[in-house]
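So the sequence lines, in the order shown, correspond to chains A and H. This note's numbering puts the first residue of the first sequence at 1278, with every later residue one more than the last. This note's numbering puts the first residue of the second sequence at 43, with every later residue one more than the last.
Calculated from the structure, these hints are not laboratory results. Keep in mind it's a predicted model, so treat the numbers as computed, not measured. Errors might be hidden in some of the hints.
As the list claims (entries may be wrong) - Below, simulated PhoX-like cross-link-like pairs (lysine-lysine); rule was C-alpha separation at most 20 Å, straight line: (1) A:Lys1313 - H:Lys442; (2) A:Lys1362 - A:Lys1343; (3) A:Lys1302 - H:Lys283; (4) H:Lys397 - H:Lys272; (5) H:Lys393 - H:Lys272; (6) H:Lys393 - H:Lys442; (7) A:Lys1362 - A:Lys1302; (8) H:Lys442 - A:Lys1306; (9) H:Lys271 - H:Lys393; (10) H:Lys442 - A:Lys1302.
As the list claims (entries may be wrong) - Away from chain H, derived, C-beta distances all over 12 Å, residues of chain A: (11) Asn1282; (12) Glu1307; (13) Pro1364.
What the hints assert, rightly or not - Estimated spans, in silico, between C-beta atoms of each pair: (14) A:Ala1312 - H:Gly107: 36 to 44 Å; (15) A:Trp1341 - H:Val452: 16 to 24 Å; (16) H:Gly107 - A:Glu1311: 36 to 44 Å; (17) H:Gly107 - A:Val1365: 23 to 31 Å; (18) H:Ile458 - A:Lys1306: 21 to 29 Å; (19) H:Val452 - A:Ala1312: 21 to 29 Å; (20) H:Val308 - A:Trp1341: 41 to 49 Å; (21) H:Pro209 - A:Val1365: 44 to 52 Å; (22) H:Gly111 - A:Ala1312: 36 to 44 Å; (23) H:Ala171 - A:Ala1312: 31 to 39 Å.
Ideal placement from N, C-alpha and C gives every residue a C-beta, glycine not left out.
Below are the chains, spelled out letter by letter.
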Amino acid sequence: MHRINCPWCGERDEAEFQYQGDATKVRPKEDASEAKYFDYVYVRENPKGWHTEWWHHVGGCRQWVKVVRNTLTHEIHACGGPQDKLPVPRAAKGRR
Amino acid sequence: MKYSALSVLWQGLTGHKGWTRAWRDPEPKKEYDAIIIGGGGHGLATAYYLAKEHGITNVAVLEKGWIGGGNVGRNTTIVRSNYMLGPNTHFYEKSMQLWEGLEQDFNFNAMVSQRGVINLFHSDPQRDAFARRGNAMRMAGIDAELLDPAQLKQMVPILDFDNARFPIQGGLMQRRGGTVRHDAVAWGYARGADSRGVDIIQNCEVTNIRVEGDKVVGVDTNRGFIKGKKVGMAVAGHTSKIAQMAGINDLPVESHVLQAFVSEGVKPLIDTVVTFGAGHFYISQSDKGGLVYGGDLDGYNSYAQRGNLPMMEHVMAGGMAIMPAIGRVRMLRHWGGIMDMSFDGSPFICKTPIKNLYLNGGWCYGGFKATPASGWCFAHTIAQDRPHELNEAFTIERFKEGRMIDEKGVGPRPWIQ
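So here's chain A without its partners, still in its complex pose:
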């Protein structure tokens, strides 16, 4: 069970959240090229190890929470608000 530390509500069970995918992707400008939009919509690094991602606290405050979580161990390193720059452990633990 993941326990996600919502900046507004505190630590809550994963069941209160809806996963919303890779948070490293930034929406390109309106007039950006098709290639940039393709990258934004479809291309994912899909790391085996630390992953920065969105969880929507849909069963709580309904805010979007940014989470740094390990995709191999399910360990959560950091949680924050959408604008927060979260530290990603450098020694990519679990990466093979």
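Use these hints to put chain H onto chain A, whose structure you have.
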């Protein structure tokens, strides 16, 4: 050696001393005409059809663990071809046809059981959608049948037909669908490929794919460099990681965990496969009596091969809703497998931007049923250096070209595909 009723009888009478091993354990050679990365169902099937259909026998299958230890041993053994969109319809029907002749073809008992697959519906709009799907299947020459509640009650009396939230109004049935003993599929293909000269090399992990210029030249492994004229990747679950070794960093794939469950053995309870899509639950019964069931993805990126409790609870709740009798059955074991979730729910069997490097992946949670056709089409793609018409739509480029094959119509959200 050929397996037959007579060989079982003869071995029985002579103390079972004459059985030989089903496949060799060779040292890797320095060079192969084709290297397949991944000794799962799809990789082994690819090697089998490369040898059988295309006469390419100087082939190595490299497996980092052991044969049958990945997703081919981690699924719920269901086979079906009840797809609606053209490329999927024909591809999965090819697979269904290969399943039907598979045991005779590779001389191995894979316990192919065409016990039928039933998708339940609970409302008028859902019936319309299923009727449409059934019609699309029938127009492609595939069997499909719309069942009314009376027919269903006769076939699967154990269901809760008067469920208050999801009253059962009927089901779409494919009678030719069913289940197959999944481990035997890996073993059968391994044995068939090996007997035709393919080297199956276990405990051999690929650590790098060597590309010179615009061409692949071989792979580095924990057992040294192996040269390969052609290299195929069939590592669904880890496709991103393997492709990144060759410098392919732009795949529309995320890895997600899917759980499945088996109960203790009980007397015959359900002799077909029932899916309760509205409640994210499906179930069948194995020949040993265990109920085999599952539901949806856990719903977050994972390479962990194990899931979490909220999804377990959700699946059990779905089961209790539609089949309350299973509440008295104890769960025996559960496991998780890593799914290659593509961004439209459909797979890749295609060439890559690198010459002589081929991709097989993106199977989402539908890879098992596809095993024979996947191997068959991938072997064709590798041998001829062009796709067969059955897999020509399964490209990487389809996302750039706007030709997604989105069976569910949910868009680029792999965790709900």
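> Given a hinted range of 36 to 44 Å, is it respected by the beta-carbon distance of H:Gly107 and A:Glu1311?
Replying inline: Hint holds: Cβ distance 40 Å, inside 36 to 44 Å.
> Honestly, do H:Val308 and A:Trp1341 meet the 41 to 49 Å range at C-beta?
Replying inline: holds (45 Å)
> Are H:Gly111 and A:Ala1312 spaced within 36 to 44 Å by their CB atoms?
Replying inline: The hinted range 36 to 44 Å holds for H:Gly111 and A:Ala1312, with Cβ atoms some 39 Å apart.
> In this structure, is the beta-carbon distance linking H:Pro209 and A:Val1365 contained in 44 to 52 Å?
Replying inline: holds (49 Å)
> Between H:Lys271 and H:Lys393, does the CA-CA distance stay at or below 20 Å?
Replying inline: holds (14 Å)
>> Run the distance test for H:Lys442 versus A:Lys1302: straight-line Cα separation, threshold 20 Å.
In response: Given that 20 Å is the threshold and the Cα spacing comes to 18 Å, the pair holds.
>> Can you tell me whether the CB distance of H:Ala171 to A:Ala1312 sits inside 31 to 39 Å?
In response: holds (36 Å)
>> For a C-alpha distance cap of 20 Å, please report whether H:Lys397 and H:Lys272 respect it.
In response: Distance of about 8 Å is within 20 Å: holds.
> Range hint 21 to 29 Å: satisfied by the CB atoms of H:Val452 and A:Ala1312?
Replying inline: Given range 21 to 29 Å: holds, Cβ gap about 24 Å.
> So does H:Gly107 sit 23 to 31 Å from A:Val1365, Cβ to Cβ?
Replying inline: holds (29 Å)
> Quick one: are A:Trp1341 and H:Val452 within 16 to 24 Å, going by C-beta?
Replying inline: holds (20 Å)
> Would the pair H:Lys393 and H:Lys442 pass a check requiring their Cα atoms to be no farther apart than 20 Å?
Replying inline: Holds: H:Lys393 and H:Lys442 sit about 15 Å apart, inside 20 Å.
In the structure shown, no violation is registered for any of the earlier numbered hints.
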